[in-house]
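**Q** Working from the sequences, and respecting the hints, build out all of it.
In this note's numbering, each residue's number is its place in the sequence shown (first place is 1) plus 158.
No lab work stands behind these hints: they were computed from the structure. Accuracy of the hints is not assured; some may be wrong.
[Unchecked claim] Cross-link-like lysine-lysine pairs, in silico, DSS-like; alpha carbons within 25 Å at most:
| # | residue 1 | residue 2 |
| --- | --- | --- |
| 1 | K564 | K411 |
| 2 | K442 | K525 |
| 3 | K525 | K411 |
| 4 | K525 | K564 |
| 5 | K564 | K578 |
| 6 | K411 | K442 |
| 7 | K525 | K495 |
| 8 | K658 | K634 |
| 9 | K578 | K525 |
[Claimed, not checked] Pair ranges (Cβ atoms, derived):
| # | residue 1 | residue 2 | range |
| --- | --- | --- | --- |
| 10 | V643 | R618 | 48 to 56 Å |
| 11 | T219 | R343 | 31 to 39 Å |
| 12 | D396 | M266 | 25 to 33 Å |
All C-beta atoms, glycine included, are put in the ideal place defined by N, C-alpha and C.
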Amino acid sequence: MAFLPALNPRLARSLLPSVVALVLIFLAFFSYTRYAPNGTPTFLKSIPGINSNSKTEPTPTIDRRPPTTHAPPKYKPTPTWAPPPVVDPFPLLANSAARPPPIPHYNMPRPNMHEEYGLERPPPLFIGFTRAWPMLLQAVVCYITAGWPADNIYIVENTGVHNKNKEGKLSLQNPFYLNHTTLQRLGVHVVQTPTLLTFAQMQNFFLSIAYQHDHPYYFYSHQDVVVFSFEDGPDNYDRPATRDYDFYDDEDKQAALYPAAANQLGYRSIYENCLRDLQMAIEKGERWGFRFYQYDHLALVNREAMDAVGGWDSLIPYYTTDCDMNGKLGMDGWTMKERRVGLINDVSTTFADLEVLYRNPALPRPKFVDPNPPSPEMQAKIDKEMAEKEAKAAKEEAARTDIEEKMPADPVAYFRILNKIGVDMGHYKYRARDVRNTWQTSQRGGQGEPFYYDPVGFARSWALLNEAGRTVYSEKWGHRDCNLVEGTALRMDDQWKVEKDWEEKKD
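**A** This is the structure:
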């Protein structure tokens, strides 16, 4: 081109590589930004952690419905009460990059402790999760600080949102929110179910993992628990829903009811007691299926027994599916014993700050918070149902827990305070029948986020499935109560073959 000034050949040769590099960079940037969602360069997204704290912005609602001549739908009344936003109960991990504090030294699990009890491999502890992150996090921290090895804890994420929690796409107010980063920092494992499972299906999923990894025994726990070891030795607190314990002999009874305290000879954490109980179950030579600890708030499972009775009935999704399983085991001669290995509280609330479980004396006196406090109308009903004396005592205790007292440096003395609050949390849950499971509906957000499901609708759907399961159970056995062995003469092969025993036969 004659109108361009001529370049020195040596200069042109030196500039050519730079020009080519600039062109390639421009093309790459254009390509990435053109095809990346929201214009975010995907080459940045490939850098680990670059977007770990980002959240998906709710997608604007666009009405794409075809026109209709039908009348508009009639909507249900808008609820007049909604729970306050939930707060992450472990601010140290939620708001900083700090490592979890050390657990009490006497609860530190010894390496390969399972081998001391004749076990080739440590049995895993499965904790299923669908809703209510604060409750799950509390259960995990309780088990770890009570001495359960974090590496042996497996959180089974049963949310139905696939990888969206792992990608950080859900917000805290979404019922299905789960923080993978926090759980990784605590050292536990997360296993995702392929889709949303019912309780019975999730139990079969635990069984499937046990098959895949050749675990002949495993533990499972509910997430609505506060768990401690016998750090102060014998404990005489009354806990709601406690059942009569089963003992092998007087020596076994003595060990369970009068355990050694922390720092004393013979002290065992809840984890060590569970290993010991498994060893005893094996050595006794019983045909055993379950070992219950505060019923199945924590349970030990013998996979061989599950094989024998065909696993859990997936068509009985929630309540009474345990009645079905226990009935099948009992009919087939598998024992189920209520054992005592630690202090397990069935709760509906969380400690305001879970760091107290690590016995930090710099924190104020622990208190618990209700993630879904009752509406004013419900609270008035509860107050009326409760005896005046009990209501007064509860209010006095609540006021006392608001007082900021200096906490003791001694972890056992600290434990005594935590233990009493854990007991109070259990009684708070059982103060009225209508509020025992309100924690499950404490989060009402998440609209516009991936795989969103209306929280109120989810709760209603669960209730309908639950009632359907009760119907399946009663039709299957011709019996409605949860006492197939004690209350009937039924046998395993009587399933779906007998008349209902609560109806008079027609002539």
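**Q** Hint by hint, say whether it matches the structure.
**A** Verification of the hints:
no.	hint	verdict
1	K564 <-> K411	violated, 37 Å
2	K442 <-> K525	violated, 43 Å
3	K525 <-> K411	violated, 33 Å
4	K525 <-> K564	holds, 13 Å
5	K564 <-> K578	holds, 17 Å
6	K411 <-> K442	holds, 16 Å
7	K525 <-> K495	violated, 34 Å
8	K658 <-> K634	holds, 9 Å
9	K578 <-> K525	holds, 11 Å
10	V643 <-> R618: 48 to 56 Å	violated, 34 Å
11	T219 <-> R343: 31 to 39 Å	holds, 36 Å
12	D396 <-> M266: 25 to 33 Å	holds, 30 Å
Checked against the numbered hints given earlier, the structure breaks hints 1, 2, 3, 7, 10 and satisfies all the rest.
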